[in-house]
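Protein chains in written order, with this note's numbering: chain A, 79 to 330; chain B, 9 to 227.
Honestly, the hints are just simulated from the structure, not real lab data.
Mixed in with the good hints, there may be bad ones.
As the list claims (entries may be wrong) - As a list, the in silico DMTMM-like pairs of lysine to aspartate or glutamate whose alpha-carbon atoms are at most 20 Å apart:
(1) B/K119 x B/D102
(2) A/K94 x B/E71
(3) B/K98 x A/D95
(4) B/K73 x A/E145
(5) B/K99 x A/E128
(6) B/K99 x A/D95
(7) B/K98 x A/E145
(8) B/K96 x A/E145
(9) B/K73 x A/E156
Unchecked claim - Which stretches of chain B does chain A cover? Using the computed rule of at least three CB atoms under 8 Å from a CB of chain A, they are:
(10) 66-74
(11) 81-90
Virtual Cβ for every residue (Gly too), placed ideally from N, Cα, C.
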Amino acid sequence: MLALDFPEINSLLRWKDLFPSFNKIALIAVLAVVISSTIFLLALRQNHEEAPRGIRNLAETIVEFIENGVVMQTMGKEGLAWTPFLLTMFMFIYLCNVPGIIPFFQMPATARMAVPMFLALMVWVIYNATGIKHQGIGGYLKSTLFPPGVPKALYILVTPIEFISAIIVRPFSLAVRLFANMMAGHILLVTFALLSEALFQAKDKILIPVGILPFFMLIFLTSFEVLVAFLQAYIFAMLTAVYIGGAAHPEH
Amino acid sequence: MTTAIVTQLNGRVVQVRLTSESSDTTVPAAEDGVATEAKAMESGAAETTVAETKSAPNPIAPESKELYWAAGSFIVLFVLMRYFLFPKLKKGMDARYEGIRNDIDGAVTVKASAQSDVAEYEKALAAARAEAAAKVDAARQAVDAERNKQLAEVNGRIAAARSAADQQNAAARAAAQGEVAAAVAQVASKGAELAIGRTPDAQTVQAAVQAAMESAVSR
Chain A
79 MLALDFPEIN SLLRWKDLFP SFNKIALIAV LAVVISSTIF LLALRQNHEE APRGIRNLAE
139 TIVEFIENGV VMQTMGKEGL AWTPFLLTMF MFIYLCNVPG IIPFFQMPAT ARMAVPMFLA
199 LMVWVIYNAT GIKHQGIGGY LKSTLFPPGV PKALYILVTP IEFISAIIVR PFSLAVRLFA
259 NMMAGHILLV TFALLSEALF QAKDKILIPV GILPFFMLIF LTSFEVLVAF LQAYIFAMLT
319 AVYIGGAAHP EH
Chain B
9 MTTAIVTQLN GRVVQVRLTS ESSDTTVPAA EDGVATEAKA MESGAAETTV AETKSAPNPI
69 APESKELYWA AGSFIVLFVL MRYFLFPKLK KGMDARYEGI RNDIDGAVTV KASAQSDVAE
129 YEKALAAARA EAAAKVDAAR QAVDAERNKQ LAEVNGRIAA ARSAADQQNA AARAAAQGEV
189 AAAVAQVASK GAELAIGRTP DAQTVQAAVQ AAMESAVSR
């Protein structure tokens, strides 16, 4: 019989320190900063008057994607001031996601709760602060907890739901969506990699060709994770923009 | 004094570590080790204390060091992006877009100017064509007038010459007729003289000849 020795879950998710208090997750987070900065620094070295090409084209494409695909779609022209923040958010999350499929890293930093939790809490603070700044604390609470157009009698039901939804569930769902997707992808990749390895090395020779199946699944999931890495970064940035835009201009 | 540190995973005891001031011994867990506290006896030890129970870490619980590194990294990237990288890149993009917009505006202006020039050219061309046509018409009229004038003159000259020639012809014919009539009258007079033996009246002969000749000409 085939015996698959699946490693203990903590050994897949918790990483030993490379230096004191500096593990692979910290390394990925730092590399995300270094890579993002390097892309933009190299882009800035090119002549901006010429048609963009190479790395400048990449940087400008990302900027325009955030401006046109996220900010203008959710916040309109007034939200363009948030572009640097959303751009940072998108690039940081994407570069924390992508190492999940890069050999030797093979771990998305966002598959550890610390990273999504920090980002979600930061977004929570920012959109609440933005709402209070634009509407005042009373106005913000009123627009959030007492949505207009609802019969007054229904506020008994709607207000607690809105409170739970806007104040409690939003950061939780933001963090869990990103974390769960990336951790699930990571565990799936590990599972199919281990299964492939076990089948290819099985003592029973008849099982060896069967190893092709999980191996193809591994390749497919690796490709799928490329999409997931982008999609999760985009969704997080998009929802952040929606929350901030909604807090700043509830009438929209 | 000896301390037993029990490590649990999913409620199962996976490791028991005994520590004392002088030694540190690790004991594997028993097969049925489900106790929440463990008693370990160190050989020769008179006293055993349950001091600490440790569980395996929750795999989804955030680690503070990862939180700090993630927060620090994000904040550093945001500060760089907000105050240096994004504004410079955006400034360059805006300058290029502005240049492109200006080029497009310039091209539109040049196009409008070119269209205006083309319209003016076509207007001038039409005027020149009209002027040329007028000049050609005038020239044609002048040429026609001159031709008609010259034709009239030539026709006049021809008519005069023809008239003169007719007059000459008439004169010559009259002279010839006179001579013929005189000759015929002489011959007739001679003939008559021979026939009747006397000379007929010259005027009568001449009138008869004249009448005969006119009668012949009229036939």
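- request: Mind listing which of the numbered hints don't hold for this structure, in increasing order?
  value: 1, 3, 4, 6, 9
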